[in-house]
Each structure stands twice: as structure tokens, then as C-alpha cells.
Amino acid sequence: MNGYSDALVWGIIAALGVGTFYLRFSFLGFLGDRQLPEWALRYLRYTPVAVLPGLVAPLVLWPSGTGGETDPARLIAAFAALGVGVMTRNTLWAILGGLGALYLSLWLVG
Amino acid sequence: MSESAAIRDAYWRGVRHGLPFLLVIVPFGLLFGVAATKAGLDLAQVMGFSIMVIAGAAQFTALQLMGDHAPVVLVLAASLAVNLRMAMYSAALTPHLGKAKTWQKALVAYFMVDQAYALAANEYESHREMSRAAKLAYYAGVCTPVCPNWYVATLVGALVGAQIPPEFALDFAVPITFLAMIGPALRTLAHVAAALVSVVGALALSFLPSGVGLMIAALAAMVTGAQVELWVARRKAVQG
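Listed in order, the protein sequences are those of chains A and B.
Here the numbering used here is used: the first residue of the first sequence is 1, the next is one more, and so on.
Here the numbering used here is used: the first residue of the second sequence is 1001, the next is one more, and so on.
By construction, these hints were calculated from the structure, which means they are not laboratory data.
Source: prediction; values computed, not measured.
Note that the Cβ used here is the ideal one computed from N, Cα and C, for glycine as well.
Hints are supplied without guarantee of correctness; some may be wrong.
[Unchecked claim] Below, computed lysine to any residue pairings styled on SDA-like, alpha-carbon distance capped at 20 Å:
| # | chain 1 | residue 1 | chain 2 | residue 2 |
| --- | --- | --- | --- | --- |
| 1 | B | K1099 | A | Y22 |
| 2 | B | K1099 | A | G32 |
| 3 | B | K1099 | B | I1007 |
[Said to hold, decoys possible] Stretches of chain B that chain A covers, calculated by requiring three or more beta carbons in the stretch to come under 8 Å of a beta carbon on chain A:
| # | segment |
| --- | --- |
| 4 | 1037–1051 |
| 5 | 1070–1080 |
Model the full assembly from the supplied sequences, consistent with the hints where possible.
Structural data, given as C-alpha cells:
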């Protein structure tokens, strides 16, 4: 992978593997029946919606496939994926809706 | 029903409940295999991700930030932040499985994917009479179709990915996958507010070195979500 040595890529994979395992093992393994404080739970609830939208926004506006040029077909696909996900609450339908909209609009817009 | 029959029964019920999730796991794993291969990881590294991390959203997050040449510490911070929810899963399963043997708990932890947690938590709440052995058997049952197929789908994606022509615009499969995870997560006003702050923040700070703007935006978004939740609760209390 560009910019990272093989050893560094393996280091990232291993660190992520160990870190994720410890998050999963935390309460089961050594924290036991202790209750998380309410304020901590309140922050934890929002970590996925705090990280993922910010990660995806630049990818939608400046997609790598067009060399960073904003692309109507990809914008339409993005809104379709998000919209289907909100309406159906189902990740699979959202992926299919997004890919369907992508191919349809690529074919229409060219 | 004898205890061993109950355990067998719980295992197969878990398998049946886990099977439909193949519809999510398989396409998701395929996409990860394809995207990771296109990003330049070799086959062992792609499989290393799916076997050692076994968490789709975090794997995609790491992949994306590595593609942007973000500093390692930010790659790890963002990906682990996406996985913080698993500490909540762990806490929620502890009353049921906390007294199991350590090796059993280690296996439960390793396989603690969203689907396993969601099904198990639901099953344990609705069948309070289950023994601990039956609960573990149910969990193992859920993981039997779900987890090995995550590896298999990743492998297939990695092997065929290089042969998929650019007309399929698979570059955009990764953003679509992220968006498909975000939509169902926008459950309340607080979730929507957090997502908006995350988007605006990340775009406004995109001039910063890769990953840095995202971290700041994500922290602001978490605070926003928590504050909006408190605010909504207070309004409800006043009106109620």
C-alpha cells in the first residue's frame, strides 16, 4: 500500500485487532457487572454517527473515481443510499438502492 | 427437556436466527475484499484485516484513512472510535455470560459482531430461563453462519476484485457502504444533529492533514449528540 511499509500495514492490522478485542472483552473479561456512568453511555451512543458521516462526506463530494471532480451520478447514488437506509432501516437495501441509482444515473448521464 | 437437548436446541435456534444475516455479511465482505485489494493491500493483509479485526465498519474506516495516507495514530483512533460501541455490547452481555469460563468469554468477545450481539441480547431477554450453557450455545449458533462467511466473502472479493473493470464504478461502493450504515443509524434528532456536525466539520476542516479534521469533527459531533439528547429529554420533562 502506498505510503506505508508492509510491516506498518501489519502493525496497523494487529493494533486494530488487539484494540477491538479488548473493547469487546472489556466488561465480560475484567470490568464485570460494573455499570457505565450515564454520561459515558451518552457519548458512546453517538460515536458511529459522529465518525462515519464525516468520513464519507469528502468521498461523496470529491470522489476518487473522477479524480476528485464532483460527479452528479455519484451524488444521486449517495442520496439514494442514505434515503433508502433512513426509510427501510436496512443496510442491505440501502447498498442495493445506492448501487442501483449509481448505475442508472451513470447510464443516463453518461 | 434434558439439559443437553436444551443446549442442542439453543445452538440450532441460533443458527436459524443467524442465517438471514448472510444477506448483509456476504455483500459487505465481498466489498471489503474488493476495496482493500484495489487500495493495494496484498491477499494476506486483506485476510488479516477480516480475521484479526472482524468488524466491517472499522475495517472500511482504516482502509479509507490509509488510502489518504493519514498518520497511523489517527487511523487507529478513528477505527477504534467506530468500535467503541462494542464496549457497550460487552457490558450488556456481562449479566448473562460474565460467569462463563475465561476461554469461553474470550471466544464470545472475538466473535462479538453487531449481529451476534443484537440477536443474543434479544434472545436472553425474552428467554430468561435459559441456562448459561444454553446461552453460550445460542451465541455459538448465531456465529456459525455469520462469522466464517465474513472471511470467505472477503477472500472471494479479494480474489475477483482485481478483475472488475472500472466501468462498474466500484470506487464508489465504499462511500455507498458507509452511507448505507449511516441511514439506519439516524434514529433520533440527536443522531441526525451529530451526523450533520460531523459532515460540516469534516468538510470545513478538510484542509488539515488527513484524519485530523475528521477527529475534531467527530469529537464535536459526539458532544452535539449528547447535548441534543439532554436538551430533548429536558423539553419532554417540561412539557410532560
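* Asked: Regarding the pair B:K1099 and A:G32, is the alpha-carbon distance no greater than 20 Å?
  -> Given that 20 Å is the threshold and the Cα spacing comes to 9 Å, the pair holds.
* Holds or violated: B:K1099 with A:Y22, Cα cutoff 20 Å? -> 18 Å, holds
* Asked: Taking a Cβ-to-Cβ distance below 8 Å as contact, does the segment 1037–1051 of chain B have at least three residues touching chain A?
  -> n = 7 at 8 Å, threshold three: holds.
* Quick one, are B:K1099 and B:I1007 close enough, alpha carbons at most 20 Å? -> This hinted pair holds, its Cα atoms lying about 17 Å apart.
* Asked: Are there three or more residues in the segment 1070–1080 of chain B whose C-beta lies closer than 8 Å to some C-beta of chain A?
  -> holds (count 6)
Figure legend: structure checked against the earlier numbered hints; every hint is met.
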